[in-house]
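4 protein chains.
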Amino acid sequence: MTTEMSSPSDYGYVNQITLRWKDNDVYGHVNNVEYYSFFDTVINAFLIVEAGLDIHAGSTIGLCAESHCNFMAPVAFPDTVTAGLRVAHLGNSSVRYELALFDGGGVPIAEGWFVHVFVDRGTRRASPIPPSLRAKLEELGP
Amino acid sequence: MTTEMSSPSDYGYVNQITLRWKDNDVYGHVNNVEYYSFFDTVINAFLIVEAGLDIHAGSTIGLCAESHCNFMAPVAFPDTVTAGLRVAHLGNSSVRYELALFDGGGVPIAEGWFVHVFVDRGTRRASPIPPSLRAKLEELGP
Amino acid sequence: MTTEMSSPSDYGYVNQITLRWKDNDVYGHVNNVEYYSFFDTVINAFLIVEAGLDIHAGSTIGLCAESHCNFMAPVAFPDTVTAGLRVAHLGNSSVRYELALFDGGGVPIAEGWFVHVFVDRGTRRASPIPPSLRAKLEELGP
Amino acid sequence: MTTEMSSPSDYGYVNQITLRWKDNDVYGHVNNVEYYSFFDTVINAFLIVEAGLDIHAGSTIGLCAESHCNFMAPVAFPDTVTAGLRVAHLGNSSVRYELALFDGGGVPIAEGWFVHVFVDRGTRRASPIPPSLRAKLEELGP
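Chains as they are written, first to last, in my numbering: chain A, 1 to 142; chain B, 1 to 142; chain C, 1 to 142; chain D, 1 to 142.
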């Protein structure tokens, strides 16, 4: 999937995620679905904490248009996951993120990407990314 | 994303999934992560109910190697989702599924794909798909 | 935990809930946490579908103040759960529900209760249950 | 619900839990169901990390028989939760835990309890708590 192993330092924003008991499925490891929740979490942490997105009342919200994950290694509770985020492409009203997950020992466990389309909260139609948010996304950019 | 709208009849195996209150996120619709749980659910329902996979004691288990989803329309609790499953490619020890999700009115809300690699439960190394399972997967095939 | 086995007919409102692959935990059965999601789901299905609660814009919303569950038997995906709901006590701004869960064969798997306090969406202070909602809750009452 | 506010120092074992985007529900705060996942997580973290429970192959496993939560205040992603655990009663094959959750500012957001019955992994019949596990539970005891 990658010729070179990535590391958290390849990603401009990094978040620690603690695993939960019920993340583990019947086969004893974190279920594939939860990896997307880790993607969703690091993205929204960045948007809220770093870029000032107001999820409760802001006029612009981000909706997922497409996502993808390559699963490279298992991880299991009670480990901790490090999620890395960077921006691969920034359009007028959309952004394509690249993401990677690492286990507690720094081993890459997944890589993926995720497209957010920003829309008006009321009409749910595509809306230009607000300037302050765009400036922050550019800092994570290619 | 598609030039023609798909329908459940394009998929050889179909499952009804009832939504849950906490599927809805802050923005009032089912969170993107749950769509992958619906994929996971229809796949494993087929493997267990139709193809006889023994998740508790069988010697072969399926692990997700890669997955993808295009999100086409929102859906919200208390609606119901129909998940459709078919086989796009069947290898020696892996299978690539194509999936689609429809809301309670039959509107396509997502399309995606998912690769299962079958492995030995103990060693977690790739293992040929058992003949009885392969026969069932072929019935869903291209 | 109960001297007599309950049945869905002891509950005025009943909902079918389909299980999902990731509901099963390491021990092969639905994780205890999900039982509360089934409670939450049948309650909100009743409030939205039967009693007209507007979760997106209504001025009154229901917040959980207390909940409890006795776990009586396991259940596992790909089974289906029937959730039963009745009203045990209806106050000015709160309601205490009683709930039961049954597996696909009708065997009781859990009993519990759940207290909703209705609050103003903006101030989050306790607010009288709106008359139309109260009338519906009374129909499920003791 | 309590006459005195509790603090993490009232609990012998404490765990940090990072919140996730989809923990927030339509009303903008962590859904009530997730609180039980935080209980489940701190309990199993203690059992695995501190008390040596082998969730994959050990002969004894813990099943939830009863749980309860009083919800005292909301919390929302991207905050962090501190979960505190202590043992209220230790029987021959069961243990009753008391739990509390605190937000990132140390405010108590919930208190509850949870009963684990230890059973033989194969027969799922009640089994005495193994001595090494019992010794660790006693350290959290009343």
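Just so you know, these hints were derived from the structure itself, not from any lab. Quick caveat, the model's predicted, so the values are computed rather than measured. Take the hints with a grain of salt, since some may be wrong.
Unchecked claim - Derived DMTMM-like pairs: lysine to aspartate or glutamate, alpha-carbon spacing no greater than 25 Å straight-line:
1) A/K136 <-> A/D120
2) C/K136 <-> C/D120
3) A/K136 <-> A/E50
4) D/K136 <-> A/D79
5) C/K136 <-> C/D79
6) D/K136 <-> D/D79
7) A/K136 <-> D/D79
8) C/K136 <-> B/D79
9) D/K136 <-> D/D10
10) C/K136 <-> C/E111
11) B/K136 <-> C/D120
12) D/K136 <-> D/E111
To be verified - Stretch-level coverage of chain A by chain D, calculated; a stretch enters the list once three of its residues show a Cβ under 8 Å from a Cβ in chain D:
13) 5 to 13
14) 49 to 61
15) 94 to 100
Glycine included, C-beta positions come from ideal geometry on N, C-alpha and C.
Hint numbers the structure violates, sorted upward? As far as the earlier hints go, 5, 6, 11, 13 and 15 are violated by this structure, in ascending order.
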